[in-house]
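**Student:** Heads up: the sequence lines are chains A and B, in that order. Residues in the first sequence are numbered from 45 upward in steps of one, following our numbering. Residues in the second sequence are numbered from 9 upward in steps of one, following our numbering.
I should point out that these hints are in silico values taken from the structure, not numbers from a laboratory. No experiment lies behind these values; they were computed from the predicted model shown. Do not rely on the hints blindly, as some may be mistaken.
Dumping the calculated DSS-like pairs for lysine-lysine here, alpha-carbon to alpha-carbon at most 30 Å [claimed, not checked]:
id, chain 1, residue 1, chain 2, residue 2
1, A, Lys-143, B, Lys-148
2, A, Lys-87, B, Lys-148
3, A, Lys-248, B, Lys-444
4, B, Lys-148, A, Lys-255
Where chain A lies over chain B, by a calculated footprint (3+ residues, C-beta under 8 Å) [claimed, not checked]:
id, stretch
5, 157-163
6, 329-343
7, 357-371
8, 433-444
Ideal Cβ positions, reconstructed from N, Cα and C, are used throughout, including at glycine.
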Amino acid sequence: MDSPITNHQSPIRTMADYLAKGEVPEILFWVGCAGSFDDRAKKITKAIVKILNYANVKFAVLGTEESCTGDPAKRAGNEFLFQMQAMNNITVLNGYEVKKIVTGCPHCFNTLKNEYPSLGGNYEVIHHTQLLQELLDSKRITIEGGSFKGKKITFHDPCYLGRANDVYEAPRQVMLNLDAELTEMKRSRANGLCCGAGGAQMFKEAEKGNKEVNIERTEEALSLNPDIIAVGCPFCNTMMTDGVKNFNKEQTVKVLDVAELIAQAKDL
Amino acid sequence: MISSIIFIILFSAGAVWFTINVLKIRRNILIGKEIDRKDNPSQRWKIMTLVALGQKKMFARPIPAILHLFLYSAFVITQIELIEIVCDGAVGSHRMFRPALGGFYTFLVSFIEILSVLAFIGTIAFLSRRNLLKVPRLVKSELNGWPKLDANFILLGELTLICFIFMMNGADEVLYSQGLSHAENLNDGSLGLAISSHLGPMLFGGMSPESLHIVERIGWWGHIAMVLGFLNYLPYSKHFHILLAFPNVYFSNLLAKGKFTNLESVTNEVKLMFDPNAVVPPPSAEPMRFGAKDVMDLSWKQLLDAYTCTECGRCTSSCPANITGKLLSPRKIMMDTRDRLTEVGKNMDANKGEFKDDGKSLLTGYITPEELWACTSCNACVQECPVNIDPLSIIIDMRRYLVMEQSAAPTELNMMFTNIENNGAPWQFAQADRLKWSEDL
Chain A
45 MDSPITNHQS
55 PIRTMADYLA
65 KGEVPEILFW
75 VGCAGSFDDR
85 AKKITKAIVK
95 ILNYANVKFA
105 VLGTEESCTG
115 DPAKRAGNEF
125 LFQMQAMNNI
135 TVLNGYEVKK
145 IVTGCPHCFN
155 TLKNEYPSLG
165 GNYEVIHHTQ
175 LLQELLDSKR
185 ITIEGGSFKG
195 KKITFHDPCY
205 LGRANDVYEA
215 PRQVMLNLDA
225 ELTEMKRSRA
235 NGLCCGAGGA
245 QMFKEAEKGN
255 KEVNIERTEE
265 ALSLNPDIIA
275 VGCPFCNTMM
285 TDGVKNFNKE
295 QTVKVLDVAE
305 LIAQAKDL
Chain B
9 MISSIIFIIL
19 FSAGAVWFTI
29 NVLKIRRNIL
39 IGKEIDRKDN
49 PSQRWKIMTL
59 VALGQKKMFA
69 RPIPAILHLF
79 LYSAFVITQI
89 ELIEIVCDGA
99 VGSHRMFRPA
109 LGGFYTFLVS
119 FIEILSVLAF
129 IGTIAFLSRR
139 NLLKVPRLVK
149 SELNGWPKLD
159 ANFILLGELT
169 LICFIFMMNG
179 ADEVLYSQGL
189 SHAENLNDGS
199 LGLAISSHLG
209 PMLFGGMSPE
219 SLHIVERIGW
229 WGHIAMVLGF
239 LNYLPYSKHF
249 HILLAFPNVY
259 FSNLLAKGKF
269 TNLESVTNEV
279 KLMFDPNAVV
289 PPPSAEPMRF
299 GAKDVMDLSW
309 KQLLDAYTCT
319 ECGRCTSSCP
329 ANITGKLLSP
339 RKIMMDTRDR
349 LTEVGKNMDA
359 NKGEFKDDGK
369 SLLTGYITPE
379 ELWACTSCNA
389 CVQECPVNID
399 PLSIIIDMRR
409 YLVMEQSAAP
419 TELNMMFTNI
429 ENNGAPWQFA
439 QADRLKWSED
449 L
């Protein structure tokens, strides 16, 4: 087979690669637009890949056949564009008979999990922190003694993982393995405060106000004097990183995805 | 005899007027679009028991929750005593249940009295929170004018009501101890009411029997007049939540909060674009509108939400946009929806039940695009609402109208749409480069 979707430079196997060999992957890793193109988010993508490889998870990506889930269009009110994207993606996913998907982004997670089924796309969809929890629980990865020992970590709940889908524990359970000091912001879990990027705000200037949402949220996180602000969403990551820079704290406070924490703990 | 007739007339008039107004509100709610919220009755009863009856979500903020619990339980339990008051009023008896119920009667009325004292304390605290402490969410700009007055009316009304109860019971206690009460004398020397047997002699101890009878009657009639007045005030007030909270929670969204509806009308068009031979239901004869411009474009549940809102502002105080000074307030979205719906209802009343275009609409007339575009769709407002109101769904429906009917999205969002259309990503990156991140692995 010499199609552009199988003939690529990447060491990562696509669904087309699997199909060409008559194999079926364990899970499809839905990388997402941020994870594919945003320089900061690409590091999270790589961390997830390293963990998957380390744990010997037979995974595939869609590569050039992946396209935006339509989430930002839908939240912005463009239902047409959303459904066009959804139908296109569903055609591809169903064509490969995809059963299980892990996403690197809570927005992709929510859209694929909740909004694709009634359009004909039925898959088991999990967020990467849930997969990490599965891998840790089943001992496919283990973490001994920690480079994070004594570090203070606070987790910022992504709205589309937390309130939108009631997933609060997976990222926390994963981080328990780090042997670090986990500390909670006053507004956490169901009461978590948005980073300011959701609802397509990521792609526009904020409306007029007296403060940016990410500043409000970063302030709250920094008040705990953490070493690390942990996140589970590439957009939260951008917003919190910008917030930390705004307070000139980027030398002392790192904003890291839960996947990056695990990859670092394993020295991957 | 005369008093019985006056009572029956007053009571019937109150009940009829209330029913008329409730039916009007029901009619207004039903101009909303159909949505299925009748599935899963067992889960719905459960959520209603926990959230509405059990006040579960209130306890996310314990202090107002406890104060509210005082008022709520006093209100609910008092309804039992009201049965006796109505019976007494209709047949001209006095404390007709006491001889038959005996000790249980004393217990019940005493229990109500204790709750009434707690409710009195709660009401004073609520008045202070609004007017003295000025709790931020209770003094926001959308409450200026009528909403603020409405809130204070209700609280002052509750105080008055409780005062009438203690006038009635207190004076009656004094009369009873003197053998002068109209209640049947069971030779027990006291009605034995937990609060009034002490409060009555303190307040009214030195009064003449004539004055005591007058105080007792003022208390009794004042009480029932307040109850009927309150009942008929409800349909004009945010306080209607005491009734609508129950159906509103019953008809809650049971699905994940992140799941937004997929517009079926859009699905049909998209299917036809993919395959001109696709079988889709024929478009309806009525002109179709994508998203919501006015209240009739919303679902009946969204309209029920609007009437259920009691303007507590938990949504607004947790809204990231509002916290950071943006114009958006989820509470205002609900208040605007209700106010516009009330206006539409009056329009229908004036035009034989048919709505005549008044050139106004919820969007722009009440809610501005600036408010809608400030939303991060974070669901904090939905999470916070103690009666499961969903302001977010209204915001999204109105964004849909702005985008799909008016192409009125902010420029940057239009660029994002174009990028998704052309490149399959919200930014200007080529789909062919989607795997580039992996090349240096």
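**Student:** Would you mind marking each hint as holding or not holding in the structure?
**Tutor:** Hints versus structure:
1. Among the hinted pairs, Lys-143 (chain A) with Lys-148 (chain B) is inconsistent with the structure: their alpha-carbon atoms are about 49 Å apart, more than 30 Å.
2. For the hint linking Lys-87 (chain A) to Lys-148 (chain B), the alpha-carbon distance of about 43 Å lies beyond 30 Å, and the restraint is violated.
3. Of the supplied pair hints, the one linking Lys-248 (chain A) and Lys-444 (chain B) holds, its CA atoms being roughly 26 Å apart against a limit of 30 Å.
4. Our distance criterion of 30 Å between C-alpha atoms is met by Lys-148 (chain B) and Lys-255 (chain A), whose separation comes to about 18 Å.
5. Taking a C-beta to C-beta cut-off of 8 Å, the stretch 157-163 of chain B contributes 0 residues in contact with chain A, too few for the three needed, and the coverage statement is violated.
6. For the stretch 329-343 of chain B, the assignment as covered by chain A holds, since 7 residues bring a beta-carbon within under 8 Å of that chain's beta-carbons and 3 suffice.
7. For the stretch 357-371 of chain B, the stated coverage by chain A is violated: 0 residues have a C-beta nearer than 8 Å to a C-beta of that chain, whereas at least 3 were required.
8. Given a C-beta distance limit of less than 8 Å, the hint that chain A covers the stretch 433-444 of chain B holds, as 10 residues qualify and 3 suffice.
Hints 1, 2, 5 and 7, counting from the list given before, are not met by this structure.
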